[in-house]
Amino acid sequence: MNKKKPLAENATLISILASLLSIVIGLAIGFLLLLILKPSAAAEGMGAMLGTGFSNLDKFGKVLYQAAPLMCCGLSVGFAFKTGLFNIGASGQYTMGAFLALYGAIFLQLPWYVCLLLAMIGGGLWGIFPGLFKALFNVNEVITAIMFNWIAMFLVNLVLANMPLMLASAWGASNSDRTAALAVANKAAIIPKGGLDKLFGNSSWVNISFFIAVVVAIIVWFILEKTTFGYELKACGLSKDAAIYAGINANRNIVFSMIIAGALSGLGGGLYYLAGTIQYVLEKSILSMGFNGIPVALLANSNPLGTIFSSLFISYINVGGAAMQPNFSSESTEIITAVIIYLAAFALLMRGVIGKVLAGKRNKEVKA
Amino acid sequence: MAEDYVIEMLNITKIFPGIKANDNITLQLRRGEIHALLGENGAGKSTLMSVLFGLYQAEEGIIKKDGKEVQIKDPNDANRLGIGMVHQHFKLVECFTVLDNIILGVEDTKNGILQYDQARKKVMALSEKYGLRVDPDALVSDISVGMQQRVEILKMLYRDNEILIFDEPTAVLTPQEIDELMEIMKGFKKEGKSILFITHKLAEIMAVSDRCTVLRKGAYMGTVDIANCTKEDLSRMMVGRDVQFKVDKKPVKLGETILSVKDVRVPSRRHNNDAVKGVSFDVHGGEIVCVAGIEGNGQTELVYGLTGLAKMTGGSVTLCGKDITNARIRDRSKGGMSHIPEDRHKHGLVLDYTLEKNLVLQRYWEPEFSNHGVIKKDAVRKYAERLIEKFDVRSGQGPITIARAMSGGNQQKAIIAREIDKNPQLLVAVQPTRGLDVGAIEYIHRQLVEERDKGRAVLLVSLELDEVMNLSDRILVMYEGEIVGEFDPKKTNVQELGLYMAGASRQGKEVTA
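Residue numbers (the working numbering), protein chains in the order written: chain A, 1 to 368; chain B, 1001 to 1513.
Chain B on its own, in the form it takes in the complex (with noise of 0.2 Å):
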């Protein structure tokens, strides 16, 4: 054997009814190498490492570790082999401390009584090693999603894992956070670890890959060398046509003050005290004001008060000049304020609603759409097509399809086709490009500079730092609540912007639009 291969997938191929999630798909993870899996959303990552981690079984095609033939039936298998993971999404149980969550399901006992004390000792050297900072007597629920990471790493170290599994890891954690976890990827390659890494970002894999294996639509579009290729090439492969990663912008034409907030409060959702405490801002007609921070800082509740969705304890709210702050959330919409949803399942659609039912979702009670309380089955239908083919949002079955068969980027679509159609004064976009693949990004990136051209105030929420940066006219930076600091994004850099979202370092009280 020439390579010296730990994990090979030869060949797989899984199929779901109706789709071929992954066709005829190799993977081969070298010996302590740091390989990144590249991929659109849909495009088959997840299925193919549910397929290594024993989760599904692939209709054709084998695994081998260490070049033998192994069957992989479910995830304890996979563990057998050293293979761990951290998912996307962190399996812990949050009422548990952190060493509890650690050897959950590892358990040494005696006489049916756990015994802690061998397993802090090897946890905490793990952590030592590693520099993993954690605290194994705090409860997960109330750690931060760095720690919980953490936690999910010390859980595949302390299985004795040699294959260890990122799935999107660096979705949840400030730039600081990022560069941390990136130099923990190189000590674990130094230790000999093989490394498989699911990302959208590209910036990422070329920092710490070695090589990367690319799929589109299911399909393997070759491995490359980091060190022999660009970003560009990769996005190329991956999408399969050229990105435009810089948005193009025409200077800034403002306008009015369309949305102006003044030292606005509001409660937690967690806990009892205010998560925004005291917040003023204003935003004008052209422009995209954006507020960066780190999730959990009360970016949520801001934009929760300003649409409605709770109630402020303090402060005012005005809209095109109508003071809005206690005004119920229909009379919000009527007022020219349109709102992409933070979580768009939980707030954005009703999942098991068709498509054209959810495309006037914000407008069905219009005498467009009904009369005398009857809805208007043609109209509505009409419209939706409308909406479709304006806004390319694809679909198995275009308006009756239901909401919950499409696919992350074309619900999002659908939002934001139905949201901007209204023809509002202000957009309040909230991470509008969350979990999308560049294709998709590149589109609604291109929707909210569009509606900044036509003279709409935007107020976009992010925490991804290169969307902050390409979009906004002006940034604001929210940490615990308050706005530290205000940039003009031609004058700062992702760096001072960091500090700032750590709350290291912050401008005086004066800050003003």
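Just chain A, with the same shape it has in the complex (with noise of 0.2 Å):
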């Protein structure tokens, strides 16, 4: 008898295969697209996509940069999943907070930390709306949230456009259409590089955004595994009625978890905008960030772990496809981008594939 526990059954080793072998896929479809659209460019192309990152600091700085919204999107989706709610909207809560973190920034002039924690409690306000439906009148949360996408950002457009203090213009700029550069309007709301600059060659990019959001993630990872809270939280989506069974207040816990969905969504915005190299620009259409939560948390199975791992897969191939231009139209790379972060998420189904192989190899090595 071998000892070593069959690999079909060991379901971390078949998450990590699964996610593998999407990203895989994407890639090879990508690249057909590639193909499609120019074939002499193609080989270009995807050495750029892929590239890029590691060829130099400034780019990995990006990457980095990139990684930290990304990985509170994708902790947020993976949160409210592990709770058994479909947290669609990141976005709306991403916006929020992203709104006062600025609005902390610029109006009220205050230190990052404590824009970043305006920027969590935005985000959890806008949590708050779908959970409580959710909980007060089963209303699908799935609705909710994506009209309050929709709902954050005219919102933050109509509210920006109605205070002149926030924007650019009042701070030496010539542009209404965005808030104004912190380097001009509050140095101190930026968030220090803490000398990773000078480590990644003077990278305009890289601060420490992305080592706060890993101590998130282990915080949410100690949250859900090691707590009362957590195993309440995990009841209530693994079983709801086993969790009222068990005189859980399934209720209570499906606002707590959008609330806390919502401000990790919401942190994200903050970090995104308070790197002082990015400015709000006032939107005509909703911010995809808090859409590419969902591949993150699918790619890392909802494990907040994992999500540190997706996140940055999904930074890279971002920035690696800013890379393709000009050879192809930024269209052209925003679609093989998404191509390639979707067919990410499909690890679920890869996992049950996996699952199935090794399975089936098993069957017949007990047979033979």
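In short, the hints are calculated from the structure, not lab data.
Take these hints with a grain of salt, some might be off.
What the hints assert, rightly or not - DSBU-like, lysine-lysine: derived pairs with alpha carbons at most 35 Å apart:
hint, chain 1, residue 1, chain 2, residue 2
1, B, K1201, B, K1253
2, A, K226, B, K1201
3, B, K1390, A, K226
4, A, K226, B, K1346
5, B, K1334, A, K226
6, A, K356, B, K1231
Stated by the list, open to error - Away from chain B, derived, C-beta distances all over 12 Å, residues of chain A:
hint, residue
7, A43
8, L238
9, I248
Owing to the predicted nature of the structure, the values given are computational and were not obtained by experimental measurement.
Beta carbons are placed, not taken as given, at the ideal position from N, Cα and C, and that holds for glycine.
Please assemble the complex out of the two chains, which come individually in their own frames, going by the hints.
Laid out in structure tokens, this is it:
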């Protein structure tokens, strides 16, 4: 008898294998698309996508910088998944978080860490609504959250348009379609680089946000795996009836879970816009960052620690995708990165396939 | 050929990953006999039938029909060979009429339009011939479980099936309905149809079967003629040892009133009216009070009301002198109530949690298992190991087995371990032995009696009359949301209870404890 645990029963290994396989398939189809769009430049484009992130330290700094908000949104979606909720409202929560962070930074002139706290409050506030509607009236959280994505975007546009002090034009710049640059408005609100810029060849992107996100991921993992609160939340997610039977207040947990998920997305918004390199532009469509949290969570199988790696991957693809220009138009790079990212989210499907293949193999061995 | 076998399953072996579900099993069905298939849970009965019905392919062995080898790759093949099956969980379309359900899959059409007239005539003729009363135009969702089963039987007859498989057909029926079914089965036999009858219930096998094949843990134990054997023989073959049918009980030592239920009303889960319409009774320490009745007469709702799973619309409940009418579930649990729920998969376990996590489902928040909101992993593990040992809960990987991967009997043992170890004043046990094999049933009965002998109050809700008669010190019969009779098990019998359960008799309103 082989004492080792059979491969088919090692869930963690299957999860990781599935995620890797999904990534490979995504990349293959992405390459196929490149071939269709422009055969002559396909190989070069793919090379750019896969090589850019590691090509220089500045780009790698950008990968880290973008990974932080992605990780937060991924944690948000994953956290809600564990409680049995689908938080498709990460985008709205992210937007509200970004807004409150910038409000604190520019209007209230607060330091960065207070602004991050405001970001979490903003996101958490936006998480309450889908949670409450679900708990009190059994309204599907997906519907509420989608509507609140749009409400968040237009609300922020409306408020910003009526707060001239928040806009770049009030701080010596000419454009009034975006918020003020933090370097001009409030240097104390910029997330510190903590010496990382020197490590990364004076990268303008990198700061400590990635490490803040990693710490948050570890905290989320701890809450879910080690605490009674996490025990309750997961029990609600896995079997609401059994949780109720055990005397767990399922409705209260639904609201808490959505608040925390919202706060995580909100923190992502804060981390992204308090870096000082990006200004919030009045948008006409919902920010995609929140939605990218969904594949981040799926690729990580909602495991908070896995989210650290999946967010890095997706950030890497995004940065690489941007480097495919000008060979490919920005639209086609967007399509290709989207294809890769969304195929990566097939990890769940792959897990089933791998499980079956391994089980089948073992079956044959048993028979033999 | 000496014998006239209509179906032969020879040396069937079916392997699932890690387990031999059927190991070299032979089953030969004679033409025109009722052949019982007996075995504990997990003995491989369902697997064997699924092989015959084309749902699984066997790794080894052959199937013969009328002496000729056949291949059965899917249920359509089975159907073509005249094999029909009434599944344990009916496969009916709820929002279709009875007639629609019967013809589903073999509809007559003309230019794409359904031809009902022929079908209706045939169904009515069959219904008449075998005494299978159905209303062809009623919606399946509106008819009783008994009638749903008759629809399933008609489905087989409509397809001219000659070999009829009944998978645990009596589990959902009243004693009277069971008698009726037995008569119907005998009628089929007279018509020359051959019947395979899967069941746990030895009494039913003794009543109708000609022969019985017994399986144990996937292995073939033998085929016996019912005429030449006893219930005890069968159970020994099935379990591998002698089984105690009668539960030994000491005389009742009545204690204080533990549970007092006054005029309780609970809304139905299905319609807008109350399912429990003013029920009152007391349960004392040291006695087992049993609520008997046919499924769907308000027992489930009564338990929901008592345990806090549903809000009551009226009345009051007192537990150990404290009013708990509107108490939260957690407070009821703290106040001394344990609950072995009817649906162990829905309520009793978080199926995707490990066994150890499930064993602390009611207590994870206690200081013993958590410290400032952080779960004490070691304490949980130790506790789980103790319960697993004490209650003999068997599983693949011990405390870290996922509950879903455990057998039904062991899942139930885990629930019982958890609920009993809480040291409750009141133990509410709803159908604690449903779907379990005799060995597990014997064990669970002993646990319940032990609790009673320790002076605790036990409220047992059961549909199994044998269990009711065996265990209880007092029987309350529930019919249409009311308690219609109270009995001493020593002074009543199954027939009398059956009449009350069916609503044919009722005692005066003065029923008190």
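Hint by hint, here is what the structure shows:
| no. | hint | in the structure |
| --- | --- | --- |
| 1 | K1201/B - K1253/B | 32 Å, holds |
| 2 | K226/A - K1201/B | 46 Å, violated |
| 3 | K1390/B - K226/A | 27 Å, holds |
| 4 | K226/A - K1346/B | 25 Å, holds |
| 5 | K1334/B - K226/A | 24 Å, holds |
| 6 | K356/A - K1231/B | 43 Å, violated |
| 7 | A43 | 43 Å, holds |
| 8 | L238 | 5 Å, violated |
| 9 | I248 | 8 Å, violated |
The structure fails to meet hints 2, 6, 8 and 9 from the earlier list, while all remaining hints are met.
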